[in-house]
Structure formats: C-alpha cells, structure tokens
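Line by line, the protein sequences are chains R and C. The letter at position 26 of the first sequence is residue 26 when you use my numbering, and the numbering goes up by one with no holes. The letter at position 606 of the second sequence is residue 942 when you use my numbering, and the numbering goes up by one with no holes.
Just to be clear, a hint being listed does not mean it is correct.
[To be verified] No farther apart than 25 angstroms at their CA atoms in a straight line, the calculated lysine-lysine pairs in the PhoX-like style are these:
hint, chain 1, residue 1, chain 2, residue 2
1, C, Lys509, C, Lys1059
2, C, Lys752, C, Lys710
3, R, Lys37, C, Lys453
4, R, Lys42, C, Lys752
5, C, Lys358, C, Lys830
6, R, Lys44, C, Lys453
7, C, Lys739, C, Lys752
8, C, Lys710, C, Lys739
[Claimed, not checked] With the Cβ distance kept under 7 angstroms, some of the chain R side facing chain C (calculated, not the full set):
hint, residue
9, Arg2
10, Ala5
11, Ser7
12, Ser11
13, Pro118
14, Leu142
15, Leu229
16, Arg232
17, Ala233
18, Tyr235
19, Phe306
20, Arg317
Hints in this document: simulated from the structure, not taken from any laboratory. Note that CB positions come from ideal geometry on N, CA and C, so glycine has one too.
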Amino acid sequence: MRAFAYSRADSVDHAAHRITHDAAFVAGGTTLLDLIKLDVLKPKNVVDINALPLKRVERLDDGRLRIGALVTNTDLAHHPEVKRHYPLLSQALLAGASTQLRNMATTAGNVMQRTRCPYYRDAAAACNRREPGSGCDARGGLNRLNAVLGGSDACVAVHPSDMCVAMAAIGATLTLSSADGEREVAFGDFHRLPGDTPHIEHDLADGELITAITLEPPLAPAGSYYLKLRDRASYEFALASAAAQLSLDGEMIGEARVALGGVGTKPWRCPDAEAALVGQPAQIATFERAAEIALRDATPLEHNAFKIPLARQSIVRALREATRLARDEGKQEGQV
Amino acid sequence: MNDLTRPRVIGQRTPRIDGEFKLTGRAGYTGELHAEGMLYGYPVPATIAHGKLEALELDEAQAMPGVVDIFHHGNFDTLHRSPNSMGHGDQVSEVRLPFEDETIHYHGQYVALVVAKTFEQARAAAYRVVARYRQASGAVPSLLGRDDEGLPIESEGSSRGDPEAAFSGAPVKIDRTYHIAAESHLQMEMHATLAEWHDGGRRLVVHESTQGVVYQRNAMARIFDLAQEDLEVISHYIGSGFGNKLFMWPHAVATAVAARRLQRPVKVVLPRQQDMMSGGNRPASRQHIRLGAGRDGRLTSVIHDSITETSLVDRYIDSCGSATPSFYACDNLAVSQRILPVNHGTPCPMRAPGEVSGIFALETAMDELAVELKMDPVELRLRNYAESDPESGLPWSSKQLDKCLQSAAERFGWDKRNPEVGSMRDGDEIIGYGMASCTWFAGRQPCQARVELRADGSLFVGCGTQDIGTGTYTIVAQTAAELTGMPLADIEVKLGESGLPSGPLSGGSMATASTLPAVAAAVRDALDALKEVATGNGGAFEGLSADDLEVGQGGLSHGEHRVSFAEVLKTNKLASVNGQGSTAPGAEQNAYSFRSFGAHFVEVRFDPGISRVRVARVVSSMDIGRAINPPAARNQVEGGIIMGIGMGLFEQLEYDPRDARLINSNVADYILPTHADAPEIDVELLDYPDFEFNEFGARGVGEIGLTGVAPAISNALYHATGKRHRDLPITIEALLASS
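Modelling step: build the complete structure from the supplied sequences, incorporating the hints.
Spelled out as structure tokens, the structure:
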C-alpha cells in the first residue's frame, strides 16, 4: 500500500488540528480504504477518529434527535428512537450497502461518502471531481448510473447515499467543529452542486470535523416510506429512490416532505413537489403531479433517461405507501 | 459388491470428505500458499484497449519500498508459444505470450509485472509505473450495436434437408434476432499462480488455481522448453472456475519467468479488476433464429445463425448453435457460426459455453412460436419431441425429457396458468409463468488413475484431475468405498497434481463420467493384485483361486473365512499393492447419442408501478443419469439456476463505446444475483441411470442447470407484460418500456 502517516485522535480539538488538505479522517473506512487501494485517494496523513466520544444518540428538549458522528449505520438503524420516530431513516439505512458495511460505516462517514461514478473510481479516466480540470469521461461515456438532476458540464456524478436522502426529507443540521469552535450548517446546504468545481463536494473546511447531525422533530401523526429501486434486490446503489413523509388532515395532505436519491448530484430535496402536495387530496393523481414537478428540470444523458420515469415511479409509490401508513397511524391515534 | 446397478455408497447422500478442511480453513487455496523467501507480483494493466505502448517510465516505481524488479517487454525472457492444441492437451486461454510485443489489444493487457517483498508494496509500485501509449483509432468495443459479418467458422456448422425452402413455404414463421451481453465468470477465487524453480532452474513447480493441471503442465513445458517430467502443476483446492480456469492465462507465464530470474518463489494473485479484464469472459452474441412450422406446431425448418466475439490475440469460438441440431425433430435445419474480433481480453468457455446462449435464443423463439400458434408451450415442445438424435440419427442412450416436462409442470402448477397476457395479478404485481427446456451434451474424456491398498488399512486413490469445488474428491472416495466396502474415512484421495496419472479437465460436465470409470478400474486392478497375493504362496487364502474370493467390508472372504485387506498384506509382509486404471470412451459412442435434458418452470412477478421484476419461483426437473452424490448434484443445478437469473436479468460487462475500456470491473457495478434475489427453488433429479454411457450411469451435472433459465424468465415476462425481451440482460430500462 502507498505509505501514509497514521495517528489516532483522542479529542475533537486534537483531530481538527491534524487535518490539512492532504489528510483524511478515517472512521469506518468503508469508502476511504477502498479508494486508497484503488489509488484514487492519496492522503498523506490519516487520522483515526474512532476513539472520539461521538457515539451517542440523544433526544433533545426541543424534540430534535442528536446523532453523534460515529454512531454506526447499524446502531442508528436499530436505535429505538429512530425506529419509533424516524422509521424513514431506519428504512433508508437498511436499504444501503450490506450488514457488514453498515456495521462499520458511521453517520458522518455516510454523509461524506464518495460517488460511485465508474470514471471517478478509475484513476486512468478523466474526472474533474478526482482531478480538477481533467475533464469528464462520464458525460459522453457509459452514464447509466449518473445524475439527471444537479449536474454540470464538469460533473454528473450521483451522491450515492440512502441515509442522506432520508435526512434531506426529515430536515437536519450538521454540527461542525474546528479549533475556532462549533458552527451549524443546514443539511440541505452541506453538499455542494458540482458546478465548475466538482472537487469541492461539501461545506466542510480544512480543520473541521462533523461531530453530530441533529434531526428536526418528527412530523406527527405522519406516514413515511423509503423506496429504493435498483436492478437487484440487495446490495446495490439506487438507480432511483424516494423518501416520502406526509401528515394527513382528513383526506387532505397536511405537511409533506419528498427527497430523491440515485438521480441527483446531491441528496435531492424536492420543495416544489412538496408544495404541490400540501392541501391536496391524498390520491394517486396528486402524487403523479408532484412527481412530474420533482423531475421537471431533469436532464438525461445518453444512457440514463430511464431514471426520470423511474424516479417519478419511486415518488408516486413512496407517497402512496406513506399515505397508507399515515392513515394507519391516524387510526391508531384515534383508538388511543 | 461390484454391482454398480445396485450400489450402496454411490447415489447416497455423502458429506464432502474435504468439507472439514474447507470449513476449518485448512484447505490451502493457491492465493493463500506461502513459500520460503517468496516474493509478490502485481501486474500493471494497460489503461487503453487499442494502440501501442510507447514508453514505460519505471524510475519512480523501481525506487519504491520493497520493489525487487519489474518485468516488461524490454527485459522479458524469450519464450516459445504453446502449440495450443486441444487434442494434444496443451491448449491455453490466450496464445499470445505476456509482453510479447508493444501492441495493446485490450484494456487490461499486461504491460509490466512488478515484483516486491509484499503484496502491498508490489501494488503501490505498480500504480507508480507510468506507461505512455499511442492510442489507435477504430477500437471495437463490442459486437453489440454493430452489424459486422465477422469470420465464418465452417467447423461449427450443421445442415440437413432444405431449410431455406422449407422456411419460405412454412405457414407459420418466426424470424427474430437475439443479443446477449458479455458476461464475467466471477468465480470466488481469482486467478492465482505460485511458481518456484528447483535444481538451479531446471525444474519448475507451479501452484495454480486451475481446472486442468495436466493441460497447464503440458503447455508450460512447451513454453519453457522443459521436459514434462521437470514440471509439476498443483491445484489441490480451487475456489471455483466456471471455465476460465480450464486453460492457462499469461499471468502464469509471467510469474514463472519472474521466479526463474529472481531465483525466488513468486506469487501473483490477480486483483478482481484484472481478473475481469484479462482472465476470461463469456463473449457477447448476436443470434438470428428462423423457425418455420405448420399450423399443428410441427417444425418444418430451423435456421440458427450466430456470431460471437473473440479477441485480437486468439480465436475463441463460442458455439451457440451446437445443441440446436439435436434439440427438436425437424428435417430441415441449418446452423452457422461466425466470430468477430473485438478489443477485449480473450473470451473463453463459461459454464455451458455456447449452448446456454443458443438455448436462450431457440427457447425464446419456441415461445414466440407457441404464442403465434396459440398453443401451450409445453405442448409445442412435445409435438416436436426428438425420439432419436436428429443430428446423428442415433438413438438416445436415455432421454427422459418428456418426464421432466410433465413432472416439473405438475409440481409448478402449470395447469393454473391463464395463457392470456397480464391476466394473473396479485396486488401491485402481475404474475408471469414461463418455461423452457434445456440440454447439455454428455461427454467423456480418457482418464487414468492409480490405487494403493495399504497394510495400514487405508486405500489411496490418485488422479490428475481436480476438484473445482463441485465434490470430485468425495465421489472418487465413494467409488473406492463402493468397490471395496471400506469406510470413507479410510480412503485417501489425491487430485490436482500433474504428476499423478493423467486425468481430465474439470470442464464440460465431463469430470464424473471420465474419472470414476478409471478409478473403478484401478481399484479392481488393486483388488486383483491383492487376490493374487492372498491365493499365492504363504497367502491368507493359499491354494484357492482368485475367483473363489469375495470382496466386501474392506476384506476378502471365502465362505465364513474373512481376512481384512490389511491382514492379507501383512501376512505376506507387504506394505501395499498397486492398481492402475485407464479408461476412455469406446464403441458406445458410435451406437448412441448422449445428452442430458431438463425443464425449468419459472414464476416472475412484475410490478409495473415501479418497473420491478423478481423471479419468485423456479421448479426444475433434470434428467442427468444417476447422481453420484445427490446433494452435490442438486447444488450444481441450484447454482446454475441462480447464475441463469444473473444472465437473464443482471449481468453484463460494460465496455465504453468510445475506446473499449471495461468500466464495471468490480462486483458492485457488475450486477450478480444476491441471496435476496434467490427465489424458492425446487429441483428434482430424475433417477434414470445411463448405463450405455458408463457403468456408473452418470452423465454429469455441472452445466445443464444454467441452460434454459434465461429463456424461461423472458418467456414468463412476456406472459406477464406482453413485451418480448430478446436481449439479455433484461434491464429496468427494457422493463420500463413494458409498463
């Protein structure tokens, strides 16, 4: 293996001080080690943050849920607070990767995971994200897996996370720590669109560490559903996925949240589609209109046009299922 | 005891004798072996698919920690090519030697081999080798999407009657073209070689994960100009090989050269990416099928024209039409085969090579004909049932396809199928029922084996074939146990060494039928030797004739007088007696045609609202002769069914259309079925021993389970959606168009 310096951080301050542009934090290592072995990432310093006290999940007084950066995907998916109040997040986590990977992968690591664009992972291919200015082999190549939303001439790589799609729908805040203290960033502002600078993937500065992600209070009574569409039944990144959450006011939709995965260059919240749902009857025609709106700016490449109707299908079905669950929830509340 | 028509061990559920070694990690696979002073090699793959290597800059790599040497075109040994003859047992997978010249023919072709003290050091340095290329225009990325005619392969053709006239005059016609993407074998254990020279570079021992130790020994002897006796190829445990380990690849040659030059053992384990780029693939195919039939469904013409890919450095022929002439009773038939060189690593046999592709096209076309005729697809197949082999004119040794169709249909519940498209629903899902017949030829190779009966009470069997994970060790032991009455625990089986009596390739579903007769002959020869001792001077049965002695329970007996094999030997102060067996196919080959047959019935569930298809259920019946170890045989069919789901719905090697670079050379982006994709599978093995084929009645089972699965899926999808899928894999893109 290419040599790098390895150290363990024993405090957040300590960790943050170690990080420069040629360094990387390692937690679960499920992305980083892979990409080092492929000669795609070449950090000179690797700072192991697994000893940091960032493994708690706690309900705050204001109803929000604060998740430590190092909580594993497995622990988070099965956490009683998450299963009870954020089943959408639990579903999304369990739709991702494999048991073995989820046992290693962490919450912040999941937020920071790299794209699966094949040209990004092939050190011999042109990729502006990996090597600024080298070009984009995906745009004119085999781009079945690439984005139809949020792409630029420079980059059309998909953000591959399932967890982040649920978080985008739920609404969340990231806590970033550095030597200068803490700051908070809204989840939707954290990941950047590629634009002309696809190598700048997020809002994290050198010397900053994600220490927590805090979820908005859950909608209630509400139904939610995460639907991931892919070729095979398991262990594959989404071709299109939808996270849907809504509350009902009789037969009408109260609040609604929709986010997409597998189609965007970042976890893709769909505010216009949400607006088209609110106050409308909870029925298929409404969901289809919302789906049309969500994909109305989608731009297909040569091999991924199918993602547009597929994403629409994922929205309609996820909303239908969320509605069914919201009705069940409503019935249960009524019984109590 | 010698009566194999009523066996006691053969045909019985038998735990694998090597199972404990595998479960406890004591089975040494090539990649895990270590030799004193061993170095590690890591190949540098070409990053272009077509062009010229203009320069290699090695300074940085050379200076990396642990690097010992770097081999490439500029410093490689001058070697000889293998004659590459199947008949002479020295066939190789790619006849071009590594680093032979500077022309690049495919993405992943080796341009250098870095050798270092550790694997990680070798890999790190390999990344620092800078190769400068001049890319050539005109790379051929795939057969698919082109209409090239390719090169005709006359040897693979077949014809009878006047198929063109019969087709044009047929009342009902099907005229369709089918495409199948290139696939990767993705065997669990990557290609691996450990090469070690002895006696000052005069003798070479190679550990290789191979399906043919003898073939590799023979080929390496030609390449290195060594006497066969000075070369040994060893492969005790193999983490599968679906055909891509039948014949040697260039990495083994590069490894052996490095070991000779450095005078140290060298091991190379291909990384998965390189295994997929340069370690074999099933080539893409385009097949044109024309069926002519009467209104009664009887075929009057079958025309099957295929073209498959080969590489620019070898000629591989994936003979798609080879089962077609024998499949259905039809007087007018033509089969042709062509190949097209493309810029890929050389294709090679992959489980049921050729036939599985051809059967997809033929059995989908038959379903299209059934739809055209409004006839039940099972009935259509029975109307065209070939009672003898229409290709050879010979009777079948044993053919129970009608029973397969009947039994599988019954267990599946085919009678509940409403033939109307899209008529069967369950919630969001449309249910589709589809079926296909399948077949694989039954072949047999010459084989030799050696047996020792030992005074310590054990029996040794050795044969230069190999167990690729299918259970050959166990069935060889079962054979010895059957014929001697000894417990399996007292039988030692050694396979996977080229120094053992010459055994067959583990391929073509031929290992069982080839190996067991030779093992039986060797056991009998050893028993004859033992009887000679027993009845001779000072023997335990002195004065009796060998014919007076019965063999059973590990001993010889005459009436009430019973003496164990060990005691017989000890009585005459012998350590052991020896037996040799050598068998080959014989006159039966001119009297019968030999094939296995089967039928798959598949239920798919298609959810048009989300364009999702899943295979829910597969019910299969297989006519494979006798299963020597039924659980192992069933496991082969089940594995074939899962592989067929991959072929039908998921698997394709994706080459960039601009430059023929392979872009999905990993197991995340190349989509294989997972456990979650595995349906409920019900496999029945019909028990009709084929004693015309060999005394064991076994025809082999490694490949047939895969054939027929993909067309049964595509036929079921048609039943669900009314859209005919003629291209594999059937992707979500294609499914979206049917919702």
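* Asked: So which hints don't hold here, by number, going up?
  -> Hints 4, 10, 11 and 12 not satisfied by this model.
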